[in-house]
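Visitor: Each chain is listed here by its residues.
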Amino acid sequence: MKKGRLKQILLITDGCSNQGEDPSAIAALAKEQGIAVNVIGVVSEDQTMDGGIQEVEDIALAGGGISQIVHTKQLSQTVQMVTRQAMTQTIQGVINQELQQILGDSESMDDLPPEKRGQVMEVVDELGETVNLEVCILVDTSASMEKKLPTVHEALLDLSISLNSRMGSNQFCLYAFPGKRKPIDKLLSWTPKIDSISHVFSKLASGGITPTGPALKEALKSFDKRSRRDLAAYDGAPIEEAND
Amino acid sequence: MTEHLSKKQTIKFTPGTIIVGKWHQKQYQIIKPLGYGARGTVFLAHSEYGRVALKFGFDNAGVTSEVNVLNKFSKVQGEPLGPSLYDVDDWVTKKGAYAFYAMEYINGTPLLDCIRVRGFEWAAIFVLQLLKDLGRLHEAGWVFGDLKPDNLVVTGPPLKIRWLDVGGTTQMGRSIKEYTEFFDRGYWGFGTRKAEPSYDLFAVAMIFVNAAEGRRMEKGQDPEKNLIRYIQSHRKLAPYADVITQALYGKFSTAEQMRKALLKKINETQSEAKRITKNQVTKRKSKKKAEWKGTFLLVSIILLAYTLYVALFIM
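Sequence order for the protein chains is A and B.
Numbering-wise, the first sequence is residues 1483 to 1726 according to my numbering.
Numbering-wise, the second sequence is residues -6 to 308 according to my numbering.
Careful, some of the hints might be misleading.
[To be verified] Computed list of lysine-lysine pairs in DSS-like fashion (alpha-carbon distance at most 27 Å, straight line):
| no. | chain 1 | residue 1 | chain 2 | residue 2 |
| --- | --- | --- | --- | --- |
| 1 | B | Lys257 | B | Lys212 |
| 2 | A | Lys1555 | B | Lys218 |
| 3 | A | Lys1598 | B | Lys125 |
| 4 | A | Lys1675 | B | Lys212 |
| 5 | A | Lys1629 | B | Lys212 |
| 6 | A | Lys1598 | B | Lys212 |
| 7 | B | Lys218 | A | Lys1598 |
[Claimed, not checked] Covered stretches of chain A, as calculated for chain B (at least 3 residues, CB under 8 Å):
| no. | segment |
| --- | --- |
| 8 | 1556 to 1567 |
| 9 | 1589 to 1599 |
| 10 | 1606 to 1612 |
| 11 | 1647 to 1653 |
Hints listed in this document are in silico derivations from the structure and should not be mistaken for laboratory results.
Virtual Cβ for every residue (Gly too), placed ideally from N, Cα, C.
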């Protein structure tokens, strides 16, 4: 497997969507384009999340990612754990495909004897450490999330510390929904490090609607823009050389 | 570590259940659960190796990673660092296959309980032992990662600190995958989560802090300042504050450096303690002398007054 990029959308929310497209459908679309969708449902200590849990799990399942429901206090550790587990899962998926091609249809990593499995796992770990990662983070800033935003902010800084301790490179971008006029607002364009986002979070106006589907759709587009920009940069390089 | 609200496939066995591995056909009879962790469940079991700890993970990938680490540990020369690994296998049920491994059952007292019972002076000694083992692990190219009292027990006598759960061990230069916030350098804002010796040494310093009070304080608004102030003002920690602070700031590049600095500090504080007791003894002596002087003075005054009385009125 060549060292490509892993692409992930990380959705942090606390409840049901109530506007626009079905978020699970958009997540399934993301999966088709090789982008895993992870969902973290945040509940405060005194709150339950009955209807929301199902949606959180459905989106992640459709998006080939991982879901987790947590109390606000545990958010930091969960965000980095979910991101990592999803990376491992994606890499394992690719390796399983390769194994099936070599060993036949039904074979996957779990069918190997423990000793061989250990060797494959070392490759998975190695790739997880060195692969380049792109994470588009979507934060639900509807009214009920307002009190949780300082914790979300802290968790994202923490995620940046964790991922930037890896050997591979990282790119993050950050969106909040609902936006002021649009379904979603961009808070941060693609950047290798998340820092100094405290000011963007304090300016947010929390609204009543939760357009999770449209927000996911917008996040999907951000990857398109990124690969086009990459292509342009790649095309530019040889021309510069020729001019020299 | 964290407990999550969403469901996780926790395996439960009733005592007496017999488990047979799919690949190696080894038999295990469950005695009792030993602990439910963030990554899996550990059971005590009878086997042909004697009593063993059986670990079932939540996912097969996790179990496989841990087994890889245990295999690496066994290659480090000298006294065993972690529990020895006996067997790795799958247990097949109707619901699916569960990966598990059998390892040495280390029967000891949890570190903090041991320090609570025996006294805080033991904390420094266990830290010295821990630093020696960490030095060997680092030299082999590995970093422990999730270092915390829950992963450490004391066996013996002779009392010796042992590592229980080595699943977080990471190759030097990579990133730490598992950590516990209180013992994590990134959480307190003291640096990255890169696997390097200073990451473990930070955790060692925090184990010291945790052992002094038994509880883990909150991070608060200004974590760095709060933490340093706490250490400098704490009665039990103050004597070691210098070494602890240096470890927190990553000033030691090897475990051996920290070990030497701590050993020096322990010797200093012990001789200082001796000096203090000596001073107190001399003070007490001089106090006694003063009391005696006072009595002497009183007696002479009374004697003088009596002489005067006799001289003036009787004569």
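Visitor: Indicate, hint by hint, whether the structure satisfies it.
Guide: Here's how the hints hold up against the structure:
| no. | hint | result |
| --- | --- | --- |
| 1 | Lys257/B to Lys212/B | violated (30 Å) |
| 2 | Lys1555/A to Lys218/B | holds (22 Å) |
| 3 | Lys1598/A to Lys125/B | violated (33 Å) |
| 4 | Lys1675/A to Lys212/B | holds (23 Å) |
| 5 | Lys1629/A to Lys212/B | holds (19 Å) |
| 6 | Lys1598/A to Lys212/B | violated (43 Å) |
| 7 | Lys218/B to Lys1598/A | violated (49 Å) |
| 8 | 1556 to 1567 | holds (count 5) |
| 9 | 1589 to 1599 | holds (count 6) |
| 10 | 1606 to 1612 | holds (count 3) |
| 11 | 1647 to 1653 | holds (count 3) |
Violated hints, listed in ascending order, are 1, 3, 6, 7; each of the other numbered hints is respected by the structure.
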